[in-house]
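Residue numbers (the numbering used here), protein chains in the order written: chain Y, 10 to 386; chain Z, 5 to 160; chain U, 528 to 890.
If you're looking for bench data, these hints aren't it; they were derived computationally from the structure. In this text the structure is predicted, and so the values were computed from the model without any measurement. Even for Gly, the Cβ is constructed at its ideal location relative to N, Cα and C. Don't take each hint at face value.
Said to hold, decoys possible - Below, simulated DSSO-like cross-link-like pairs (lysine-lysine); rule was C-alpha separation at most 30 Å, straight line:
(1) K99/Z to K309/Y
(2) K608/U to K27/Y
(3) K863/U to K366/Y
(4) K216/Y to K27/Z
(5) K53/Y to K619/U
(6) K99/Z to K200/Y
(7) K682/U to K219/Y
(8) K53/Y to K863/U
(9) K27/Y to K682/U
(10) K184/Y to K216/Y
(11) K682/U to K53/Y
(12) K863/U to K18/Y
(13) K200/Y to K16/Z
(14) K219/Y to K16/Z
(15) K100/Z to K340/Y
(16) K16/Z to K191/Y
(17) K608/U to K219/Y
(18) K612/U to K366/Y
(19) K27/Z to K219/Y
(20) K305/Y to K339/Y
(21) K191/Y to K27/Z
(22) K200/Y to K34/Z
(23) K682/U to K366/Y
(24) K27/Y to K622/U
(25) K682/U to K200/Y
(26) K34/Z to K580/U
(27) K366/Y to K34/Z
(28) K184/Y to K34/Z
(29) K27/Z to K682/U
(30) K863/U to K279/Y
(31) K863/U to K16/Z
(32) K580/U to K608/U
(33) K18/Y to K682/U
(34) K622/U to K216/Y
(35) K16/Z to K279/Y
Unchecked claim - Incomplete in silico selection of chain Z near chain U, CB under 7 Å:
(36) G21
(37) F22
(38) Y28
(39) N31
(40) I36
Here are the chains, one letter per residue:
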Amino acid sequence: MDYEAQIKKNQFRTEEYKINMGPQHPATHGVLRLNLTIDGEIIKRVEPDLGYIHRGIEKMCEYDSYPQIIHLTDRMDYLSSHNNNEAVALAIEKALEIEVSDRVKYIRTIVGELTRLASHQLWWGVMGMDLGALTSYFYGFRDREVINDIFEETCGARLTMNYSIPGGIRYDIHKNFVQRVKDFIVHFRSKLPEYDQLLTGNIIFEKRMKGVGILSKEDAISYGVSGPVARASGVKSDIRKIKPYSAFAVQDIDFKEPIYTEGDAYSRYKVRIDEMWESMRIIEQLVDNIPEGNIKEPTKAVIKLPKGEFYQRVETARGELGVYINSDGKKSPYRMKFRSPGFSNLSALEDMAVGSKLGDLVAMMATLDLVVPDIDR
Amino acid sequence: MSYFSEIYRGFKTLINGFRVTHKYFINARKEIVTVQYPEERPVIFDRFKGEVIMPHDENNEHACTGCQACEIACPNGSIEIIWDRVLNEETGKKKKTIDKHIYHLSMCTMCSQCIEACPTGAIIWGQEFEHSVTDRSELTKVLNNPGSKVRADVED
Amino acid sequence: MDNKTYIEQLISFFSNDLGWGIWGDVTGWIVVAVVYLAFFAVTGLYLVLMERKVAGWIQLRHGPNRVGPWGLFQTIGDAIKLVTKELTGTAKADKFLYNLAPYFPIVAALISLSVFAFSKDLQAFDINIGLFFLTAVSSVGVIGILLGGWASNNKFALIGAMRSGVQVISYELSVGLSLLTMVLLTGSLQLSEIIEVQRTGGWLIYQGHIPAIIAFMIYMIAGTAETNRAPFDLIEAESELGAGYHTEYSGMKFAYFFLAEFINMFIIAAIAVTVFFGGWLSPFGITEGIEIEWLQAIFGVFWFVLKVGMIIVLMMFFRWTYPRLRIDQVLTLEWKYLLPLNLMNIVLMAIMVWAGFTLPWPF
Numbered sequence: 010m011d012y013e014a015q016i017k018k019n020q021f022r023t024e025e026y027k028i029n030m031g032p033q034h035p036a037t038h039g040v041l042r043l044n045l046t047i048d049g050e051i052i053k054r055v056e057p058d059l060g061y062i063h064r065g066i067e068k069m070c071e072y073d074s075y076p077q078i079i080h081l082t083d084r085m086d087y088l089s090s091h092n093n094n095e096a097v098a099l100a101i102e103k104a105l106e107i108e109v110s111d112r113v114k115y116i117r118t119i120v121g122e123l124t125r126l127a128s129h130q131l132w133w134g135v136m137g138m139d140l141g142a143l144t145s146y147f148y149g150f151r152d153r154e155v156i157n158d159i160f161e162e163t164c165g166a167r168l169t170m171n172y173s174i175p176g177g178i179r180y181d182i183h184k185n186f187v188q189r190v191k192d193f194i195v196h197f198r199s200k201l202p203e204y205d206q207l208l209t210g211n212i213i214f215e216k217r218m219k220g221v222g223i224l225s226k227e228d229a230i231s232y233g234v235s236g237p238v239a240r241a242s243g244v245k246s247d248i249r250k251i252k253p254y255s256a257f258a259v260q261d262i263d264f265k266e267p268i269y270t271e272g273d274a275y276s277r278y279k280v281r282i283d284e285m286w287e288s289m290r291i292i293e294q295l296v297d298n299i300p301e302g303n304i305k306e307p308t309k310a311v312i313k314l315p316k317g318e319f320y321q322r323v324e325t326a327r328g329e330l331g332v333y334i335n336s337d338g339k340k341s342p343y344r345m346k347f348r349s350p351g352f353s354n355l356s357a358l359e360d361m362a363v364g365s366k367l368g369d370l371v372a373m374m375a376t377l378d379l380v381v382p383d384i385d386r
Numbered sequence: 005m006s007y008f009s010e011i012y013r014g015f016k017t018l019i020n021g022f023r024v025t026h027k028y029f030i031n032a033r034k035e036i037v038t039v040q041y042p043e044e045r046p047v048i049f050d051r052f053k054g055e056v057i058m059p060h061d062e063n064n065e066h067a068c069t070g071c072q073a074c075e076i077a078c079p080n081g082s083i084e085i086i087w088d089r090v091l092n093e094e095t096g097k098k099k100k101t102i103d104k105h106i107y108h109l110s111m112c113t114m115c116s117q118c119i120e121a122c123p124t125g126a127i128i129w130g131q132e133f134e135h136s137v138t139d140r141s142e143l144t145k146v147l148n149n150p151g152s153k154v155r156a157d158v159e160d
Numbered sequence: 528m529d530n531k532t533y534i535e536q537l538i539s540f541f542s543n544d545l546g547w548g549i550w551g552d553v554t555g556w557i558v559v560a561v562v563y564l565a566f567f568a569v570t571g572l573y574l575v576l577m578e579r580k581v582a583g584w585i586q587l588r589h590g591p592n593r594v595g596p597w598g599l600f601q602t603i604g605d606a607i608k609l610v611t612k613e614l615t616g617t618a619k620a621d622k623f624l625y626n627l628a629p630y631f632p633i634v635a636a637l638i639s640l641s642v643f644a645f646s647k648d649l650q651a652f653d654i655n656i657g658l659f660f661l662t663a664v665s666s667v668g669v670i671g672i673l674l675g676g677w678a679s680n681n682k683f684a685l686i687g688a689m690r691s692g693v694q695v696i697s698y699e700l701s702v703g704l705s706l707l708t709m710v711l712l713t714g715s716l717q718l719s720e721i722i723e724v725q726r727t728g729g730w731l732i733y734q735g736h737i738p739a740i741i742a743f744m745i746y747m748i749a750g751t752a753e754t755n756r757a758p759f760d761l762i763e764a765e766s767e768l769g770a771g772y773h774t775e776y777s778g779m780k781f782a783y784f785f786l787a788e789f790i791n792m793f794i795i796a797a798i799a800v801t802v803f804f805g806g807w808l809s810p811f812g813i814t815e816g817i818e819i820e821w822l823q824a825i826f827g828v829f830w831f832v833l834k835v836g837m838i839i840v841l842m843m844f845f846r847w848t849y850p851r852l853r854i855d856q857v858l859t860l861e862w863k864y865l866l867p868l869n870l871m872n873i874v875l876m877a878i879m880v881w882a883g884f885t886l887p888w889p890f
């Protein structure tokens with residue numbers, strides 16, 4: 010081949026290449042592995058590769074008795090562990106046809122909303138860190154620490170609370186609980202505008218987030234995404250509104266479901282910030298009028314569910330968590346299935362990411378708020 | 005003119021963010037939230053689930069009858085009870101007595117099942133949180149003290 | 528006193544007083560080089576500590592406070608750790624380039640330091656193209672980054688290196704042009720001359736008022752991008768690329784990159800101080816009246832370091848406050864905003880200098 014032809018052949022020849030983002034990568038928040046096909050900086054394909062933290066929780070459930078299942082669900086989506094506990098407890102109560110007292114319902118809802126707040130605070134901090142603003146991490150964690158202290162005092166643990174049990178809650182609330190929650194609301198109402206001041210209005214942040222990772226309403230529905238990701242695409246998906254449970258079913262609580270229609274990373278961000286305000290409103294409405302009542306309905310020593318299938322869904326910080334129990338009348342379920350929000354939300358990632366830059370992928374993953382143990386279980 | 009207004013807006017928002025960090029930088033002394041850990045001890049709440057402990061009274065007696073309810077309730081097999089039937093000299097009957105109440109802290113998920121299952125309140129939550137050891141085997145603990153026996157008033 | 532700088536006096540001590548001739552000159556220069564090296568290695572280390580302290584206070588933390596009083600020996604300990612660490616590398620790396628790369632940034636950074644006037648008569652080289660030399664030499668460092676990223680045989684490092692190439696080449700323009708704006712005022716590229724202009728006429732940021740302030744802002748943005756610090760740290764971008772171009776470097780080789788970043792920060796700040804804030808001159812000339820020569824020199828160093836420190840704290844605030852830009856936004860910022868503004872600013876400054884609208888120094 011002569012020189013000219015060789016030049017011509019090699020001229021401007023670009024090549025796609027593959028990189029592994031993860032399983033050990035700072036932006037994947039755990040052991041998620043993304044097989045990226047990249048052309049320069051432009052993403053051509055995203056293939057999530059799961060299974061690095063698969064612990065077989067669903068299978069483990071088949072060998073545990075129903076009260077024992079609760080502590081496993083803490084370890085799925087560890088940032089909304091109370092919501093997971095609540096979902097299983099509600100499903101078992103539904104099967105046993107136990108009606109828990111209003112006190113239990115109120116406490117569950119308050120703790121659940123606090124969990125949501127704590128989860129969103131952590132998400133806010135970590136998202137800032139993903140975008141390179143490391144300071145937000147510490148501000149988020151400062152406020153989250155207050156909630157964790159409340160949990161520690163009442164539930165005995167800071168993260169994997171293991172608080173809801175079939176038939177009620179494990180302990181009654183601590184005598185400081187109400188006061189501490191009120192103090193927290195006052196504290197956080199003064200700090201949340203700072204979050205906005207630091208990031209929301211910032212021009213760099215807006216440029217990084219607006220128009221990035223757009224998920225249309227149709228795609229959102231077809232991928233089955235839920236929670237803040239769906240709400241940012243204009244899909245009403247709040248289980249607390251659609252199918253109220255716990256205190257939402259008892260009292261008509263006044264709260265809004267933040268809906269944005271852009272479907273980009275920025276609206277997902279805004280949904281979560283709005284949700285923090287709404288969660289505080291919910292807690293404020295409930296915390297002052299926790300009714301008296303039993304904290305635990307009596308159950309048999311060995312809980313056996315009647316034969317049949319039972320399904321319960323709750324709204325965790327990430328979206329809709331479904332708990333499916335298939336019972337054959339024994340003391341452990343025949344089949345247990347969790348419909349986790351993170352898995353469906355992750356499935357929409359490729360649709361969002363193709364054609365955008367590597368830096369955008371980080372912003373998208375940050376706003377999807379992935380918790381890898383929730384995806385893998 | 006949108007070109008210049010964009011630049012102006014950009015500067016304004018950047019300074020806005022600057023104000024937050026500046027505020028904390030200036031007030032660093034009173035805003036610091038981190039704890040100087042080994043010197044400053046964190047407040048541990050009395051419900052905190054640190055580890056399972058078995059309280060003994062001054063006569064080196066505990067309340068564990070060796071009924072194994074905790075062992076059955078534990079989802080992870082963290083508790084093993086080595087027991088024996090020992091002849092009680094007063095009644096002349098053989099009675100189930102624990103030899104060793106073994107607790108694997110390394111496997112424990114702090115789920116509270118054992119403590120709720122215990123009919124005599126022999127095991128409770130301890131608030132110890134500094135569990136780091138250099139050898140994994142040190143996390144396997146024997147909860148009953150050597151030479152301890154069950155309290156006389158504890159019913160089976 | 529004759530018109531010799533302190534460094535010239537030192538060299539003439541070796542060559543003339545001791546009578547070593549040409550070898551005295553060589554000895555003198557080596558002594559100066561060693562002093563500079565030692566001084567700036569320590570400066571780099573303490574800038575790291577300062578960064579960590581500033582970050583800590585912003586982030587509601589104490590920052591390092593365990594090693595020595597107030598953590599003063601923390602970075603020295605870190606340096607010892609880095610020196611003693613094993614040097615690892617990838618098997619398929621281009622060994623020669625891989626080992627060569629870390630020297631570029633650090634050598635370029637240290638060379639740049641030689642032209643700064645730290646105080647009256649305390650300047651290693653007073654060349655007449657001072658500013659030009661600085662911008663030229665400081666852009667050599669990017670070669671090391673490109674080589675490091677390329678030779679590591681790591682795709683993340685390669686992406687980081689390519690980003691750095693694009694970014695540094697773009698922002699060189701803005702740095703150069705904003706400095707050029709100020710050169711219109713001084714009429715000289717020589718650093719001692721620039722400071723001399725400010726001794727009588729006030730600091731240049733005052734003399735040049737509006738265009739000078741715009742030039743300073745542009746310079747700070749571009750300078751931050753030049754040093755590859757957040758919000759322009761795309762070449763490291765730890766949440767995207769792990770560690771970017773120095774992913775595969777460890778031990779002392781990594782430390783060279785790291786130290787060069789902090790010395791570069793010092794250089795950018797030192798240029799800003801020299802060109803905009805009067806170099807080693809004291810505010811309102813409060814210490815210039817001192818008769819004692821050596822005291823005046825010490826005060827010069829004091830003011831210089833103080834001003835540089837303040838600019839560096841400003842850059843640290845940038846880093847810990849703002850999110851990172853995306854690569855296309857980095858380029859948009861430069862080519863669509865900074866460069867046109869800069870060109871406009873030069874014209875404005877030229878008109879101002881021509882029409883004599885500079886502010887006179889009232890004192």
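Here's how the hints hold up against the structure:
For the given pair, K99/Z sits about 28 Å from K309/Y by alpha-carbon distance, which is consistent with the 30 Å threshold. Among the hinted pairs, K608/U with K27/Y is inconsistent with the structure: their alpha-carbon atoms are about 35 Å apart, more than 30 Å. Simply put, K863/U and K366/Y have alpha-carbon atoms about 20 Å apart, close enough for the 30 Å limit, and the pair holds. About 25 Å separates the Cα atoms of K216/Y and K27/Z, which keeps this hinted pair within 30 Å; it holds.
For the suggested pair K53/Y and K619/U, the alpha carbons sit about 27 Å apart, so the restraint of at most 30 Å is met. Note on K99/Z and K200/Y: the hinted pairing is violated, with a Cα-Cα distance of about 62 Å set against a maximum of 30 Å. Restraint check for K682/U and K219/Y: satisfied, since their Cα atoms lie roughly 28 Å apart, inside the 30 Å limit. Using a Cα cut-off of 30 Å, the hinted pair K53/Y and K863/U holds, with the two alpha carbons roughly 27 Å apart.
Of the pairs offered as hints, the one joining K27/Y and K682/U holds, with about 9 Å between alpha carbons and a cut-off of 30 Å not exceeded. Our distance criterion of 30 Å between C-alpha atoms is broken by K184/Y and K216/Y, whose separation comes to about 47 Å. Only pairs whose Cα atoms come within 30 Å are accepted, and K682/U paired with K53/Y is accepted, the gap being roughly 16 Å. Restraint check for K863/U and K18/Y: the C-alpha separation of about 35 Å exceeds 30 Å, so the hint is violated.
The suggested pairing of K200/Y with K16/Z holds, with an alpha-carbon distance near 21 Å, which does not exceed 30 Å. For a cut-off of 30 Å, the pair hint linking K219/Y to K16/Z stands: about 18 Å separates their Cα positions. Annotation: proposed proximity of K100/Z to K340/Y holds, straight-line Cα distance about 28 Å (limit 30 Å). Restraint check: the Cα-Cα separation between K16/Z and K191/Y comes to about 35 Å, which exceeds 30 Å; the hinted pair is violated.
A threshold of 30 Å between alpha carbons decides the hint, and for K608/U with K219/Y the separation of about 43 Å lies outside it, so the pair is violated. Simply put, K612/U and K366/Y have alpha-carbon atoms about 36 Å apart, too far for the 30 Å limit, and the pair is violated. Straight-line distance between C-alpha atoms of K27/Z and K219/Y comes to about 28 Å, which keeps the hinted pair within the 30 Å bound. Proximity of K305/Y to K339/Y is assessed by CA-CA distance (about 23 Å); at most 30 Å being required, the pair is judged to hold.
A distance of roughly 25 Å separates the Cα atoms of K191/Y and K27/Z; the hinted pair therefore holds under the 30 Å criterion. For the given pair, K200/Y sits about 16 Å from K34/Z by alpha-carbon distance, which is consistent with the 30 Å threshold. With a CA separation close to 15 Å, the supplied pair K682/U and K366/Y stays within the 30 Å bound. Proposed proximity of K27/Y and K622/U is supported: the alpha carbons are some 24 Å apart, at most 30 Å.
About 41 Å separates the Cα atoms of K682/U and K200/Y, which puts this hinted pair outside 30 Å; it is violated. Taken as a hint, the K34/Z and K580/U pair is honoured in the structure, with Cα atoms around 15 Å apart against an allowance of 30 Å. A distance of roughly 41 Å separates the Cα atoms of K366/Y and K34/Z; the hinted pair therefore is violated under the 30 Å criterion. Restraint check for K184/Y and K34/Z: satisfied, since their Cα atoms lie roughly 29 Å apart, inside the 30 Å limit.
Straight-line distance between C-alpha atoms of K27/Z and K682/U comes to about 40 Å, which puts the hinted pair past the 30 Å bound. Proposed proximity of K863/U and K279/Y is supported: the alpha carbons are some 29 Å apart, at most 30 Å. A distance of roughly 19 Å separates the Cα atoms of K863/U and K16/Z; the hinted pair therefore holds under the 30 Å criterion. Between K580/U and K608/U the CA atoms are separated by roughly 20 Å; this keeps the pair inside 30 Å, and the hint holds.
About 24 Å separates the Cα atoms of K18/Y and K682/U, which keeps this hinted pair within 30 Å; it holds. The hinted pair formed by K622/U and K216/Y fails the criterion: a straight-line CA distance of about 40 Å is larger than 30 Å. Only pairs whose Cα atoms come within 30 Å are accepted, and K16/Z paired with K279/Y is accepted, the gap being roughly 21 Å. Of the supplied interface hints, the one on G21/Z holds, with its beta-carbon coming within about 5 Å of a beta-carbon of chain U, less than 7 Å.
Annotation: interface hint on F22/Z holds; nearest CB of chain U at approximately 6 Å, less than 7 Å. Interface restraint check: Y28/Z against chain U, minimum CB-CB distance 6 Å, threshold 7 Å, status holds. Here the hint on N31/Z is broken, as its CB sits about 9 Å from the closest CB of chain U, past 7 Å. A distance limit of 7 Å between C-beta atoms decides the matter here; for I36/Z the minimum to chain U is near 5 Å, and the interface restraint holds.
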